[in-house]
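There are 4 protein chains.
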Amino acid sequence: MTPTPERRRELLATAAEVFAAQGYNATTVRRIADEAGMLAGSLYYHFDSKESMIDEILSTFLDELWQGYDEVLAAGLGPRETIEALVTESFREIDRHRPAVAIYQKESKHLATQPRFAYLADSQTTFEKAWLGTLERGVTEGVFRDDLDIRLTYRFVRDTVWVAASWYRPGGHHGPEEIARQYLSMVLDGIALRT
Amino acid sequence: MTPTPERRRELLATAAEVFAAQGYNATTVRRIADEAGMLAGSLYYHFDSKESMIDEILSTFLDELWQGYDEVLAAGLGPRETIEALVTESFREIDRHRPAVAIYQKESKHLATQPRFAYLADSQTTFEKAWLGTLERGVTEGVFRDDLDIRLTYRFVRDTVWVAASWYRPGGHHGPEEIARQYLSMVLDGIALRT
Amino acid sequence: MTPTPERRRELLATAAEVFAAQGYNATTVRRIADEAGMLAGSLYYHFDSKESMIDEILSTFLDELWQGYDEVLAAGLGPRETIEALVTESFREIDRHRPAVAIYQKESKHLATQPRFAYLADSQTTFEKAWLGTLERGVTEGVFRDDLDIRLTYRFVRDTVWVAASWYRPGGHHGPEEIARQYLSMVLDGIALRT
Amino acid sequence: MTPTPERRRELLATAAEVFAAQGYNATTVRRIADEAGMLAGSLYYHFDSKESMIDEILSTFLDELWQGYDEVLAAGLGPRETIEALVTESFREIDRHRPAVAIYQKESKHLATQPRFAYLADSQTTFEKAWLGTLERGVTEGVFRDDLDIRLTYRFVRDTVWVAASWYRPGGHHGPEEIARQYLSMVLDGIALRT
DNA sequence: TATGAATGAGGATTCATTCAT
DNA sequence: CATGAATGAATCCTCATTCAT
Numbered sequence: 001m002t003p004t005p006e007r008r009r010e011l012l013a014t015a016a017e018v019f020a021a022q023g024y025n026a027t028t029v030r031r032i033a034d035e036a037g038m039l040a041g042s043l044y045y046h047f048d049s050k051e052s053m054i055d056e057i058l059s060t061f062l063d064e065l066w067q068g069y070d071e072v073l074a075a076g077l078g079p080r081e082t083i084e085a086l087v088t089e090s091f092r093e094i095d096r097h098r099p100a101v102a103i104y105q106k107e108s109k110h111l112a113t114q115p116r117f118a119y120l121a122d123s124q125t126t127f128e129k130a131w132l133g134t135l136e137r138g139v140t141e142g143v144f145r146d147d148l149d150i151r152l153t154y155r156f157v158r159d160t161v162w163v164a165a166s167w168y169r170p171g172g173h174h175g176p177e178e179i180a181r182q183y184l185s186m187v188l189d190g191i192a193l194r195t
Numbered sequence: 001m002t003p004t005p006e007r008r009r010e011l012l013a014t015a016a017e018v019f020a021a022q023g024y025n026a027t028t029v030r031r032i033a034d035e036a037g038m039l040a041g042s043l044y045y046h047f048d049s050k051e052s053m054i055d056e057i058l059s060t061f062l063d064e065l066w067q068g069y070d071e072v073l074a075a076g077l078g079p080r081e082t083i084e085a086l087v088t089e090s091f092r093e094i095d096r097h098r099p100a101v102a103i104y105q106k107e108s109k110h111l112a113t114q115p116r117f118a119y120l121a122d123s124q125t126t127f128e129k130a131w132l133g134t135l136e137r138g139v140t141e142g143v144f145r146d147d148l149d150i151r152l153t154y155r156f157v158r159d160t161v162w163v164a165a166s167w168y169r170p171g172g173h174h175g176p177e178e179i180a181r182q183y184l185s186m187v188l189d190g191i192a193l194r195t
Numbered sequence: 001m002t003p004t005p006e007r008r009r010e011l012l013a014t015a016a017e018v019f020a021a022q023g024y025n026a027t028t029v030r031r032i033a034d035e036a037g038m039l040a041g042s043l044y045y046h047f048d049s050k051e052s053m054i055d056e057i058l059s060t061f062l063d064e065l066w067q068g069y070d071e072v073l074a075a076g077l078g079p080r081e082t083i084e085a086l087v088t089e090s091f092r093e094i095d096r097h098r099p100a101v102a103i104y105q106k107e108s109k110h111l112a113t114q115p116r117f118a119y120l121a122d123s124q125t126t127f128e129k130a131w132l133g134t135l136e137r138g139v140t141e142g143v144f145r146d147d148l149d150i151r152l153t154y155r156f157v158r159d160t161v162w163v164a165a166s167w168y169r170p171g172g173h174h175g176p177e178e179i180a181r182q183y184l185s186m187v188l189d190g191i192a193l194r195t
Numbered sequence: 001m002t003p004t005p006e007r008r009r010e011l012l013a014t015a016a017e018v019f020a021a022q023g024y025n026a027t028t029v030r031r032i033a034d035e036a037g038m039l040a041g042s043l044y045y046h047f048d049s050k051e052s053m054i055d056e057i058l059s060t061f062l063d064e065l066w067q068g069y070d071e072v073l074a075a076g077l078g079p080r081e082t083i084e085a086l087v088t089e090s091f092r093e094i095d096r097h098r099p100a101v102a103i104y105q106k107e108s109k110h111l112a113t114q115p116r117f118a119y120l121a122d123s124q125t126t127f128e129k130a131w132l133g134t135l136e137r138g139v140t141e142g143v144f145r146d147d148l149d150i151r152l153t154y155r156f157v158r159d160t161v162w163v164a165a166s167w168y169r170p171g172g173h174h175g176p177e178e179i180a181r182q183y184l185s186m187v188l189d190g191i192a193l194r195t
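Residue numbers (the UniProt record's numbering), protein chains in the order written: chain A, 1 to 195; chain B, 1 to 195; chain C, 1 to 195; chain D, 1 to 195.
Mixed in with the good hints there might be a few duds.
Identical copies go unnamed one by one, so any copy, or any two together, can satisfy a pair.
Said to hold, decoys possible - In silico DSS-like links for lysine-lysine, alpha-carbon gap of 30 Å or less:
(1) Lys109 x Lys50
(2) Lys106 x Lys129
(3) Lys50 x Lys106
FYI, nobody ran anything at the bench for these hints, they're computed from the structure.
Using the sequences and the hints, build the whole thing.
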């Protein structure tokens, strides 16, 4: 018998994988139970509800994400270095929590309307403040271009990074650091050859 | 009373809006009917099934998209100009078919496994060929950088463009052409200030 | 434009054909309308309801059947000749009203429970009285065997005749009179060779 | 609590009773559930669909029928004795599986068109081969009359036997063997008194 | 911890029927 | 006479959840 918290984590990993692959709504509790080698009803010994599963998946992920982000933001780096560190950290999270990230991308918008998932909206807000603030600081300090709509830039960088969760496969060609490096190179310097 | 094909289009527009907002699975037929001011069963006078609604929405969108793309690809432009034209055309499609694009983003992966939606996979393949091919030509001809993983670059550009459908609102601050211009500027030249 | 009563009869013939082929419940009004080259709603110009269609089909058939039977029963024939005449008349009805007979076989039992179709039960009762009475008379008069359960004999003869509607095709190998002849020969004399 | 396979059988018996009484199409899943003392949805824990219920009912019946028939056919009896044994066996099956037989009579024709129920058509074919073949052998060997259309004779005997399911009630006046005896007496020797 | 069986609230779909034109 | 569009009730089926064992 595996100790309880370990089993929980395993089951959540299974659930996350299925949620990510099929979407939260389209995923049946029975499917998760099948994957875990038990019957649907048995999952309710471990979790209150299907909703509490996705809740735990997302909050665990966000907790870890913010641990990493907070460290970066507290380091007192310059805007460009901060962006570089945030992007790198993001790809590391995608590497570690790919299913959770994918779920977050697909489901957070409509989950956030429920009180239980208010923290999703909060996180989004804080997230935007951190990134957008850094970008603005970069423009002020003359390291980023000032001829672009800054909100557009923000969305551009944000989406660019996170959508990667939809195709990223851990253990693939490039590790998260190498992907981060190339992404940063594109975002910062563009893909056109300078003449 | 509007004539038949007009009514169909209206109903599909309504359905697309709801599908985009809530996700295909989470959308009930009743919700669409409510929005259209009729009863759930009445929709079945116009459409065979919920599935045939999303089918018609997606195929109509893809038909129009490829009409635009084919024109661009047939124009014999250089790689950079082709990318510029494709990006601009894409934002125009997002402007015209935002709900359809959003649905496509969220649902096409799992829909494509059904035979009925095989055309989604086909489209994806052709799409990749066109974009990736153009990028490769650009590298060969020395207009795009050659120090980047080309597949990564492809995904970067592709996602950059299409994720916009998730936040784009027609009639907003910038029109599609202006957004395309700024996106292209970022993608091609980067956001860092050149020194 | 065909005159109204003619059109009614045509439509009822179409309906009967479909009812017989698919069963009353399994037949949709739309299917009948398709077969008749009109839309489902249009049938309601001619008939009150689906139920009134089967009602008219069955009552028309029973009216004709009893016209024939009453003539036979009024003719004052002996028991054997009466049975022969009833069987022959029955096969003629099958020939003329095959769909109606088939419908009657399949549906009358559960339709008869509704007040509207009380005449089905009445007809059944009168039918049984006529046939069973004739058989009993035959036993009494020494033309039919007396070592058989008379009710069993009745069901045997009755079923033997009417089930034919399930496979009979007008215009086939044998006409109704020839089939009646052979059936009577089997029922009266058996299929075993007499030694 | 009864063990699982027992419960299945009970539920199928209930379903068969209702299907036989009301017809497959006219029977609602809810009605079956009511009769079984549960909610409609609960049936789906035991069966995939309404269709799979009738499937299991019919295939179980046919399996048993053919077990009996195969024994008879393998016994190497003469034509008359074979017919006698088949008829007797048939009435035994009606006694044991009355609802299944009734369902088979009413529904097999239109079910057989679906691939899932192809075995119904197969069974019909084999059935005809066995009975018709036996009758033909009987004519050749001089135990059955040769002045009758043999296919007509076949239908006559076949229908005569199986329609009995529509009125037969287990535990009634005569047991299946007695009914078989009288039926055979009528079929073989006729109902007319020999002079 | 897990199972087996059931619940009950929907959800997609069908279909007889209506009715203005 | 017929159409086109809609109604609304009913139907099959799904699925999160419960609970006694």
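task: Check Lys106 against Lys129 for me: Cα-Cα at most 30 Å, and say if that holds within a copy, between copies, both or neither.
output: both (22 Å within a copy, 26 Å between copies)
message: At most 30 Å between CA atoms: does that hold for Lys109 and Lys50 within a copy, between copies, both, or neither?
response: Close inside one copy (18 Å) and across copies (23 Å); limit 30 Å.
task: Tell me, please, which holds for Lys50 and Lys106 at an alpha-carbon limit of 30 Å: within, between, both or neither?
output: both (16 Å within a copy, 21 Å between copies)
When the structure is compared with the earlier hints, no violation turns up for any of them.
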